[in-house]
Amino acid sequence: MTRVDADIDALKEFHAALVRFRYGQQDLIDRGGDKIEVARASLAERAGRWRSVLEQCQAELDDCQYRAAHAGTDDVLVDCAHYAWAVCEAERRLEEIRCWQQRVDEEASTFRSAASRFRNLLENDLPRTEAHLSAIITSLEAARDVQAPSS
Amino acid sequence: MPTQPDQDGDHGLSLLGDAWDKAAQYWRDDMARHFDTYHWTPLLRESRSFLEALGKLIDVLNSAERGTEY
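Residue numbers (the working numbering), protein chains in the order written: chain A, -18 to 132; chain B, 6 to 75.
Among the hints, erroneous ones may be present.
Ranges of calculated distance between the beta carbons of each label pair, as one might list FRET restraints [what the hints assert, rightly or not]: (1) B/THR46 to A/GLU72: 19 to 27 Å; (2) B/ASN67 to A/ARG125: 18 to 26 Å; (3) A/ALA112 to B/ASP35: 14 to 22 Å; (4) B/THR8 to A/ALA49: 50 to 58 Å; (5) B/THR46 to A/SER33: 18 to 26 Å; (6) A/ASN101 to B/ASP23: 35 to 43 Å; (7) A/ALA25 to B/ASP41: 45 to 53 Å; (8) A/GLU122 to B/ASN67: 47 to 55 Å.
These aren't lab readings, by the way, just hints derived from the structure by calculation.
Here a beta-carbon is modelled for each residue, glycine too, at the ideal position from N, C-alpha and C.
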């Protein structure tokens, strides 16, 4: 590479880097979307599991409370505190999962808005920038050819 | 080992920035200044904005995963 062509070579390298960047960033947008779907599916699965746990705990508490209400005066005291605690615990975890689902939805919305603007830039503006740079490189090469001394 | 998309994005932007810095060492005419103002700077700004949103998203998704590991 001669010193006189170093500028053109650097511009060509930058042009190639722009193209690589465009494809790489488009892939990132898709990967971000995939991550959102994976997280949503995981949270939905966990919410479903804890709804089942809650239903089971609630049934056990109802059963205990029924036994307590129908126990005779001579029967052993029926204590439902543990079942009540289990219901509260399942409700708490389910509520935490719901809060995370809401938070993920909010952040996903913000991301999709930014991703939409960025995708528009990658698909419309950046190809124009690359074409503009190509034209500049071509004009520089043409000028260099004109200026080059004939051998 | 799989990398996070936001880290890959930062790396990609860093590589592009290096290529621009190298080109800018040689290219200093009016066309270069025009390209810097109307092409490179907006691209850099939008890229950083997107990567910031992507980084926040990944943080929230990771926190949601850890926060619901019962």
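Next on the checklist: Please list, smallest to largest, the hint numbers that this structure does not respect.
Outcome noted: The structure breaks hints 1, 2, 5, 6; every other hint is satisfied.
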